[in-house]
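Residue numbers (our numbering), protein chains in the order written: chain F, 9 to 119; chain A, 306 to 419.
Note that these hints are calculated values from the structure, not bench results. Glycine included, every Cβ here is placed at the ideal spot set by N, Cα and C. Check each hint, because a few of them may be wrong.
Said to hold, decoys possible - Sample of chain F residues facing chain A (criterion: CB under 7 Å; computed from the structure): (1) C48; (2) E51; (3) G112.
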Amino acid sequence: RKEVEQDPGPFNVPEGATVAFNCTYSNSASQSFFWYRQDCRKEPKLLMSVYSSGNEDGRFTAQLNRASQYISLLIRDSKLSDSATYLCVVNVGNQGGKLIFGQGTELSVKP
Amino acid sequence: DTAVSQTPKYLVTQMGNDKSIKCEQNLGHDTMYWYKQDSKKFLKIMFSYNNKELIINETVPNRFSPKSPDKAHLNLHINSLELGDSAVYFCASSPLSVSLETQYFGPGTRLLVL
Numbered sequence: 009r010k011e012v013e014q015d016p017g018p019f020n021v022p023e024g025a026t027v028a029f030n031c032t033y034s035n036s037a038s039q040s041f042f043w044y045r046q047d048c049r050k051e052p053k054l055l056m057s058v059y060s061s062g063n064e065d066g067r068f069t070a071q072l073n074r075a076s077q078y079i080s081l082l083i084r085d086s087k088l089s090d091s092a093t094y095l096c097v098v099n100v101g102n103q104g105g106k107l108i109f110g111q112g113t114e115l116s117v118k119p
Numbered sequence: 306d307t308a309v310s311q312t313p314k315y316l317v318t319q320m321g322n323d324k325s326i327k328c329e330q331n332l333g334h335d336t337m338y339w340y341k342q343d344s345k346k347f348l349k350i351m352f353s354y355n356n357k358e359l360i361i362n363e364t365v366p367n368r369f370s371p372k373s374p375d376k377a378h379l380n381l382h383i384n385s386l387e388l389g390d391s392a393v394y395f396c397a398s399s400p401l402s403v404s405l406e407t408q409y410f411g412p413g414t415r416l417l418v419l
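Isolated chain F (complex conformation) (with noise of 0.2 Å):
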């Protein structure tokens, strides 16, 4: 089983629309979460931290469950810009903060 698994995707979703992305881990200890975003042939950027609250940012909300291992990003009003992929990303952290990277998640944003 991957450390960090997620729906590979491609979502094909049109401007406007809402989208969610989930991820589960395997690692209870892990200590902190993350959605990085990574734009083709760039490097991974960090979008948001992720707490056990959940957690907004503009059209971006964030969710954590510890219990069930879970974490999820909600998309709101979808831009052109926001085609990327999306990477869930969990930290260890046993070892100077040592990240786990899902394989991510590809969105597509139609006009």
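Chain F is already provided as a structure; the job is to place chain A on it using the hints.
Positioned in the frame of chain F, the structure of chain A alone reads:
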């Protein structure tokens, strides 16, 4: 100003050659990392250094040798390159060696071994 920079951006070489990739960060971070992203886009950590000391060494062939001359630099030397080494190699840095801090990635080095 580029926060995390890597050179070269592209590297095409023959099997059996030895090559190096350089990484520098001007963020004042304590910890630096090397990641490999393969053709399936799966990003996996290889090494991590904190203040020039090796912290993480994943199951990586010993043909790969990281070197950190100071905490702002982490270079990756690869001996006897193989076809399977073709990938994108990302350097990253973070301000602390504890779990809550996020990491900042360089632009990547695209290595193609022929």
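How the hints compare with the structure:
1. C48: At about 10 Å, which exceeds the 7 Å cut-off, the nearest Cβ of chain A leaves the hint on C48 (chain F) violated.
2. E51: With a closest approach of 4 Å, the E51 (chain F) hint holds.
3. G112: holds, 6 Å
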